[in-house]
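Enquirer: Read off the chains here:
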Amino acid sequence: AQSVTQLDSHVSVSEGTPVLLRCNYSSSYSPSLFWYVQHPNKGLQLLLKYTSAATLVKGINGFEAEFKKSETSFHLTKPSAHMSDAAEYFCVVSSFTGYSSASKIIFGSGTRLSIRP
Amino acid sequence: GAVVSQHPSWVICKSGTSVKIECRSLDFQATTMFWYRQFPKQSLMLMATSNEGSKATYEQGVEKDKFLINHASLTLSTLTVTSAHPEDSSFYICSARATGSSKETQYFGPGTRLLVL
Numbered sequence: 102a103q104s105v106t107q108l109d110s111h112v113s114v115s116e117g118t119p120v121l122l123r124c125n126y127s128s129s130y131s132p133s134l135f136w137y138v139q140h141p142n143k144g145l146q147l148l149l150k151y152t153s154a155a156t157l158v159k160g161i162n163g164f165e166a167e168f169k170k171s172e173t174s175f176h177l178t179k180p181s182a183h184m185s186d187a188a189e190y191f192c193v194v195s196s197f198t199g200y201s202s203a204s205k206i207i208f209g210s211g212t213r214l215s216i217r218p
Numbered sequence: 699g700a701v702v703s704q705h706p707s708w709v710i711c712k713s714g715t716s717v718k719i720e721c722r723s724l725d726f727q728a729t730t731m732f733w734y735r736q737f738p739k740q741s742l743m744l745m746a747t748s749n750e751g752s753k754a755t756y757e758q759g760v761e762k763d764k765f766l767i768n769h770a771s772l773t774l775s776t777l778t779v780t781s782a783h784p785e786d787s788s789f790y791i792c793s794a795r796a797t798g799s800s801k802e803t804q805y806f807g808p809g810t811r812l813l814v815l
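Respectively, the protein sequence lines represent chains A and B.
If you want the working numbering, it's the 1-based position in the first sequence plus 101.
If you want the working numbering, it's the 1-based position in the second sequence plus 698.
Because the hints were derived from the structure by calculation, they are not lab data.
Hints are not guaranteed to be accurate.
Said to hold, decoys possible - Taking CB as the label site, the calculated pair distances span:
id: 1; chain 1: A; residue 1: LEU121; chain 2: B; residue 2: PRO738; range: 36 to 42 Å
id: 2; chain 1: B; residue 1: GLU757; chain 2: A; residue 2: ASN142; range: 22 to 28 Å
id: 3; chain 1: B; residue 1: ASP763; chain 2: A; residue 2: ASN162; range: 41 to 47 Å
id: 4; chain 1: B; residue 1: VAL701; chain 2: A; residue 2: SER113; range: 42 to 48 Å
Ideal Cβ positions, reconstructed from N, Cα and C, are used throughout, including at glycine.
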């Protein structure tokens with residue numbers, strides 16, 4: 102069984118300070134993990150993904166995440182927040198054992214990131 | 699690359715009418731597409747998995763006769779909300795996975811906002 106937990110429903114940081122959005126997962130198979138960002142009334146944009154290659158994954162807009170198997174975590178970080186980073190962020194876990202369409206992805210509940218001037 | 703479009707972007711309809719939403723992969727072929735529903739300030743809920751040339755697989759609790767899915771080609775899936783009621787008002791988002799892709803990456807459309815009066 103798969104699950105994903107985003108530990109904070111809302112995170113608020115000052116512009117220019119680091120961002121940490123936490124995500125823990127559970128998966129019966131080797132998981133693929135993703136972070137997506139959703140701006141208000143918009144669709145989802147892929148920030149980064151982990152698919153069993155390097156454990157430190159760099160994404161767009163200065164974001165990165167580290168896959169830690171021992172901690173079953175995939176936290177999202179950014180060294181310096183920008184006002185445009187204010188959005189909803191979703192951590193996603195997927196098990197993909199082949200080309201079967203039976204694989205599914207599970208969304209976390211989301212973390213709303215607010216940036217203070 | 700990997701662009702997914704949805705049409706319409708928003709629709710307002712009267713209760714009892716049917717609404718069709720299109721999801722297209724613009725620059726890649728997608729054997730599998732997914733339909734999600736998102737309520738305000740909540741995460742995405744997978745409704746069904748749409749497979750080209752075969753019947754869709756619905757998640758538990760989703761009425762297949764209410765939400766008709768057709769995936770007639772490798773670039774197009776449609777979701778028809780039949781006899782829509784106000785409780786069907788929501789943000790519907792589709793995603794597509796590239797055919798033959800060994801990576802579990804889904805590309806999301808911009809979403810369709812449905813308001814049933």
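Enquirer: Hints first: check each against the structure and report whether it holds.
Expert: These are the hints, each one checked on the structure:
1. A:LEU121 - B:PRO738: 36 to 42 Å: violated (26 Å)
2. B:GLU757 - A:ASN142: 22 to 28 Å: The hinted range 22 to 28 Å holds for B:GLU757 and A:ASN142, with Cβ atoms some 24 Å apart.
3. B:ASP763 - A:ASN162: 41 to 47 Å: holds (42 Å)
4. B:VAL701 - A:SER113: 42 to 48 Å: For A:SER113 against B:VAL701, whose Cβ atoms are near 33 Å apart, the range 42 to 48 Å is violated.
The earlier numbered hints that this structure contradicts are 1, 4.
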